[in-house]
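Student: These are the residues of each chain, in order.
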Amino acid sequence: MEYLLEALNVTKIFGTLKANDNVTLKVKPGEIHAFLGENGAGKSTLVKMIYGALQPTSGEFRWMGSPVTIANPAAARKLGIGMVFQHFSLFDALSVAENIALAMPGDFDMAKLSEKISRVSKDYGLPLEPTAIVADLSVGERQRIEIVRCLLQEPKLLIMDEPTAVLTPQEADQLFLTLGRLAREGCAVIYISHRLEEVKRLCHNATILRHGKVVANVDPTKETASSLAKLMVGGEIHVVRAARKDKGGAVRLKLEGLNLHADGPFAVELKNISLDVRAGEVVAIAGVAGNGQSEFFDAVSGERSLPRDAMLLIDGKPMGYHGVNARRNAGAAFVPEERLGHGAVPGFRLSENVILTRHSSDEALVKSGMMQKNGASGVSERVIKAFDVRKGKPDPEARALSGGNLQKFVVGRELDRKPGVLVVNQPTWGVDAGASATIRQAIIDLARQGSAVLVISQDLDEIFEVADRIAVISRGQLSEAYPSSELSAEKIGLLMAGEHETREMAHAARA
Amino acid sequence: MRLVLEKRAERSTRMALLSPLIAIVLTLVTGGIIFALRGLDPLAALYVYFIEPLTSSWSIEQLIVKATPLALIGAALGVSYLANVWNIGAEGQLTAGAIFGSIIPVYFPEMQTPLTLVLMLALGIIGGMAFGAIPAFLKNRFSANEILTSLMLVYVAQLILDWLVRGPWRDPQGYNFPKTISFTNWQTLPSFQVLPPSIGPLYVNLGAILAVLAAISLAFLMGRTLKGFELRVQGVAPRAGRFAGFSREKTVWFCFLLSGGLAGLAGICEVMSTVGQLQPGISPGYGFTAIIVAFLGRLNPIGALVAAFALAISYLGGESAQVALGISDKTARVFQGILLFYILACDSLILYRFKLIGLSAAPVESRA
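These protein sequence lines are chains R and V, in that order.
Under this note's numbering, the very last position in the first sequence is 511; numbers go up by exactly one each time.
Under this note's numbering, the very last position in the second sequence is 879; numbers go up by exactly one each time.
Honestly, the hints are just simulated from the structure, not real lab data.
These numbers come from a predicted model, not from an experiment.
Mixed in with the good hints there might be a few duds.
Below are the BS3-like pairs computed for lysine-lysine, each with C-alpha atoms no more than 30 Å apart in a straight line [as the list claims (entries may be wrong)]: (1) Lys491/R x Lys222/R; (2) Lys317/R x Lys385/R; (3) Lys418/R x Lys317/R; (4) Lys156/R x Lys26/R; (5) Lys28/R x Lys156/R; (6) Lys738/V x Lys213/R; (7) Lys373/R x Lys761/V; (8) Lys78/R x Lys26/R; (9) Lys491/R x Lys200/R; (10) Lys418/R x Lys866/V; (11) Lys18/R x Lys213/R; (12) Lys28/R x Lys18/R; (13) Lys230/R x Lys28/R; (14) Lys738/V x Lys391/R; (15) Lys373/R x Lys738/V; (16) Lys391/R x Lys518/V; (17) Lys761/V x Lys317/R; (18) Lys393/R x Lys761/V; (19) Lys112/R x Lys122/R; (20) Lys738/V x Lys317/R; (21) Lys26/R x Lys200/R; (22) Lys738/V x Lys367/R; (23) Lys518/V x Lys18/R; (24) Lys271/R x Lys28/R; (25) Lys122/R x Lys491/R; (26) Lys393/R x Lys738/V; (27) Lys738/V x Lys78/R; (28) Lys866/V x Lys18/R; (29) Lys213/R x Lys230/R; (30) Lys213/R x Lys156/R; (31) Lys367/R x Lys866/V; (32) Lys200/R x Lys122/R; (33) Lys116/R x Lys156/R; (34) Lys385/R x Lys418/R.
Per the computed footprint, the stretches of chain V lying under chain R, defined by three or more beta-carbons under 8 Å from a beta-carbon of chain R, are [claimed, not checked]: (35) 729-738; (36) 741-752.
Ideal placement from N, C-alpha and C gives every residue a C-beta, glycine not left out.
Between the sequences and the hints, there should be enough to build the whole structure, so can you do that?
Tutor: Written out as structure tokens, the structure reads:
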């Protein structure tokens with residue numbers, strides 16, 4: 001048995017879309033095998049077929065040399081295939097052991113299971129307390145539960161879907177050690193990721209997918225990050241150059257002791273956030289998802305108003321009490337994280353979506369309460385041209401655009417106003433490399449023309465690419481903003497883990 | 512084996528437009544079957560029900576009379592529903608409008624000037640708006656579900672009306688019948704001849720003209736103005752509406768005042784024309800039927816104008832079926848109910864499709 005899993009000429013068709021087109025790949029035992037590809041390249045479809053959640057339209061899978069039909073995830077688990085999803089399925093109110101017990105087939109003895117969990121988790125360097133309640137655990141610890149859950153079934157193949165997306169760098173390092181050890185013991189790992197450096201460091205083999213087809217199978221250790229990226233995108237990536245300018249423009253966006261209570265049981269309270277963003281600079285806010293980024297965006301954009309007017313100043317004017325349109329009229333522009341349904345109305349045409357954020361600030365779009373369709377089409381065409389938004393029809397509905405093209409449109413719609421202050425949440429989330437580069441460059445260009453730009457992002461590569469200064473948000477508290485040249489990934493990781501919080505608490509204790 | 516509704520990848524625009532027609536055809540077929548089960552010749556019965564009302568100019572006048580309140584209310588309800596504000600209580604707002612407008616003839620019976628007409632119409636609108644304001648306030652202040660509050664207030668309005676016409680507002684010369692004095696002259700709506708006698712004289716009252724004007728204005732509001740844009744955004748993408756700086760509370764107020772106002776106008780028009788006085792049972796459920804009108808008209812004000820005629824036929828057909836076939840005029844309600852059922856079914860099938868899932872294929876663990 002040379003190969004553990006083989007996929008031979010596998011094709012999966014959804015309607016008219018070929019999600020996987022004649023894909024052939026082979027995974028050896030003990031190998032960490034990366035699946036690389038942009039969003040929509042077909043990675044998820046492929047692993048879902050391997051895990052039995054989808055059935056191929058044609059082609060076959062072989063498991064240890066003999067053909068198999070993987071009818072459903074239970075069948076996959078029986079073969080020895082385990083999968084850790086990007087989004088966990090855990091019950092918050094139950095303990096670690098109880099959550100794992102729920103996934104175990106047949107009868108079990110709770111005490112024995114807990115003992116086994118402790119042993120396996122210790123063995124693999126994934127410390128877990130079986131009696132801990134899931135609600136109290138960090139995202140990294142929750143991921144460990146999912147991994148241990150798979151390991152207890154002694155898998156021969158473990159599928160990991162973007163496991164590091166939610167982890168701090170330290171947590172990710174720990175995960176790599178575990179995966180390396182698993183591989184040495186003969187377990188194969190299929191590793192899906194966008195992060196090329198990670199793949200280079202960890203993986204023995206990489207299959208690269210583009211538009212549903214396998215375009216290359218390479219040894220990632222012999223490639224560079226940029227050669228891998230080139231294979232993924234199918235062309236040169238435009239490299240963003242953050243031409244530094246000397247600091248010291250006027251402060252255009254100022255947050256001073258910003259507090260905002262949590263508006264729901266799962267929301268994060270913002271605590272005493274202070275930050276200056278100056279003309280000419282890009283300040284980035286890093287942080288692990290769910291640490292208050294969306295609450296912060298709502299507070300800055302004015303979708304939620306603040307308890308004091310002077311908590312937020314735009315060009316020196318207090319705007320804390322003012323709504324989103326007043327802040328726009330004061331020269332600010334905002335791009336939310338979610339494109340469809342927040343930044344744009346899915347069923348509206350692009351020209352109508354221009355009106356969405358610019359109706360109060362743009363004379364050419366609305367005159368005495370009447371929409372000016374010509375004005376709106378004009379702006380829309382200008383944005384489409386400037387940002388090379390690709391589309392099927394002259395003025396399509398927003399939902400008809402691909403993620404990257406819609407993001408270019410949503411960002412372009414604001415940049416077209418030449419705002420003095422731009423706040424962007426996750427500028428290139430789920431966007432392919434080409435569009436990412438365009439958007440990042442445009443953000444930097446705007447700052448160099450004298451605007452203040454605030455970027456909220458969970459992607460550290462992106463942050464280092466665009467930011468002049470970096471602050472980290474953790475549990476609703478913002479660290480000091482450090483010049484990006486002075487920050488290592490290490491230091492950011494510590495801040496993400498809440499280093500600044502404890503220090504503030506220590507201050508408070510001393511005071 | 513189980514049956515699930517699965518979302519379709521794409522909506523067919525053609526089917527969205529055809530859906531009301533398919534629903535009407537299915538309603539006719541179902542109606543035919545019901546008639547056949549009652550031992551009637553289905554084709555003859557359907558002819559009496561749906562074709563005869565269109566055969567004389569008198570019937571067409573009647574049709575317009577019935578369509579007027581349906582169009583007035585349905586056009587505004589369509590606007591509200593598009594904005595995701597669910598006013599189900601137009602019947603109550605209609606009643607409130609009729610009561611408010613009747614203040615003038617009841618307390619100032621001697622007042623007989625053109626101003627009387629204007630005041631009565633204005634008070635009708637104000638009454639409907641005031642009554643619509645109650646669920647709007649409850650929604651904004653306490654997040655009370657407007658479907659429930661607006662619906663329950665219908666019965667409040669009807670009981671107030673009942674009390675008024677049996678108590679303080681009863682006509683002293685009315686032989687103890689529960690009704691106010693009869694409205695005369697400027698207390699009633701003027702009629703206009705719109706077709707000459709050579710074609711068959713056709714008269715319509717002021718209410719019908721107001722209904723057409725209201726539908727056109729609302730179509731303009733929705734298509735061209737920022738306000739219409741705001742309402743549409745809030746209906747399909749509330750989060751985007753917030754990002755655009757549109758206030759949800761204002762939208763709730765706007766929709767309830769608009770649909771309440773037009774329902775109130777429809778109510779006062781009814782008592783100023785067809786009914787001629789205030790009494791219990793001023794409306795055969797126009798406020799509820801208008802919900803069907805709104806959906807049959809694709810939540811479009813002009814569409815509501817067309818749909819109002821379709822539903823008006825069901826009222827007239829119910830009356831003629833009672834005379835000609837000897838069946839209860841409640842069949843009108845049955846037809847209206849069947850029609851709404853089919854419209855909603857067609858609309859659901861445009862967005863979703865049925866899928867049979869066997870037990871052999873285990874539930875898909877798709878979490879992507």
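Student: Each hint: holds or not?
Tutor: Results of checking the hints against the structure:
About 29 Å separates the Cα atoms of Lys491/R and Lys222/R, which keeps this hinted pair within 30 Å; it holds. For the hint linking Lys317/R to Lys385/R, the alpha-carbon distance of about 34 Å lies beyond 30 Å, and the restraint is violated. Restraint check: the Cα-Cα separation between Lys418/R and Lys317/R comes to about 19 Å, which is no more than 30 Å; the hinted pair holds. Proposed proximity of Lys156/R and Lys26/R is supported: the alpha carbons are some 14 Å apart, at most 30 Å.
Using a Cα cut-off of 30 Å, the hinted pair Lys28/R and Lys156/R holds, with the two alpha carbons roughly 10 Å apart. About 48 Å separates the Cα atoms of Lys738/V and Lys213/R, which puts this hinted pair outside 30 Å; it is violated. Of the pairs offered as hints, the one joining Lys373/R and Lys761/V holds, with about 25 Å between alpha carbons and a cut-off of 30 Å not exceeded. Using a Cα cut-off of 30 Å, the hinted pair Lys78/R and Lys26/R holds, with the two alpha carbons roughly 20 Å apart.
Restraint check: the Cα-Cα separation between Lys491/R and Lys200/R comes to about 22 Å, which is no more than 30 Å; the hinted pair holds. At most 30 Å may separate the alpha-carbon atoms for a hinted pair to count; Lys418/R and Lys866/V exceed this at roughly 50 Å. Taken as a hint, the Lys18/R and Lys213/R pair is honoured in the structure, with Cα atoms around 9 Å apart against an allowance of 30 Å. Between Lys28/R and Lys18/R the CA atoms are separated by roughly 27 Å; this keeps the pair inside 30 Å, and the hint holds.
This hinted pair checks out: Lys230/R and Lys28/R have alpha carbons roughly 26 Å apart, not beyond 30 Å. Distance check on the hinted pair: Lys738/V and Lys391/R sit about 29 Å apart at the alpha-carbon level, within 30 Å; holds. Only pairs whose Cα atoms come within 30 Å are accepted, and Lys373/R paired with Lys738/V is accepted, the gap being roughly 15 Å. Between Lys391/R and Lys518/V the CA atoms are separated by roughly 24 Å; this keeps the pair inside 30 Å, and the hint holds.
The straight-line distance between the Cα atoms of Lys761/V and Lys317/R is roughly 27 Å, inside the 30 Å bound, and the hint therefore holds. The suggested pairing of Lys393/R with Lys761/V is violated, with an alpha-carbon distance near 35 Å, which exceeds 30 Å. Taking the CA atoms of Lys112/R and Lys122/R, the gap is about 15 Å. The hint holds against a cut of 30 Å. Restraint check: the Cα-Cα separation between Lys738/V and Lys317/R comes to about 29 Å, which is no more than 30 Å; the hinted pair holds.
Restraint check for Lys26/R and Lys200/R: the C-alpha separation of about 19 Å stays at or below 30 Å, so the hint holds. Taking the CA atoms of Lys738/V and Lys367/R, the gap is near 12 Å; set against the 30 Å cutoff, the hint holds. Using a Cα cut-off of 30 Å, the hinted pair Lys518/V and Lys18/R holds, with the two alpha carbons roughly 19 Å apart. With a C-alpha separation of about 50 Å, the suggested pair Lys271/R and Lys28/R falls outside the 30 Å cut-off, and the hint is violated.
In summary, the hint linking Lys122/R to Lys491/R is supported, as the alpha carbons are separated by about 27 Å, within the 30 Å threshold. For the hint pairing Lys393/R with Lys738/V, the CA-to-CA distance comes to about 27 Å; that is within 30 Å, so the pair holds. Simply put, Lys738/V and Lys78/R have alpha-carbon atoms about 59 Å apart, too far for the 30 Å limit, and the pair is violated. This hinted pair checks out: Lys866/V and Lys18/R have alpha carbons roughly 22 Å apart, not beyond 30 Å.
Distance hint between Lys213/R and Lys230/R is fulfilled; the C-alpha atoms sit about 15 Å from each other, no more than 30 Å. Between Lys213/R and Lys156/R the alpha-carbon distance is near 26 Å, which keeps this suggested pair within the 30 Å criterion. Taken as a hint, the Lys367/R and Lys866/V pair is broken in the structure, with Cα atoms around 49 Å apart against an allowance of 30 Å. For the suggested pair Lys200/R and Lys122/R, the alpha carbons sit about 27 Å apart, so the restraint of at most 30 Å is met.
Proposed proximity of Lys116/R and Lys156/R is supported: the alpha carbons are some 19 Å apart, at most 30 Å. With a C-alpha separation of about 16 Å, the suggested pairing of Lys385/R with Lys418/R holds against the 30 Å cut-off. Remark: the stretch 729-738 of chain V is confirmed as covered by chain R, as 4 of its residues place a Cβ nearer than 8 Å to a Cβ of that chain, reaching the required three. By the rule of at least three residues with a Cβ nearer than 8 Å to a Cβ of chain R, the coverage given for the stretch 741-752 of chain V holds, with 6 such residues.
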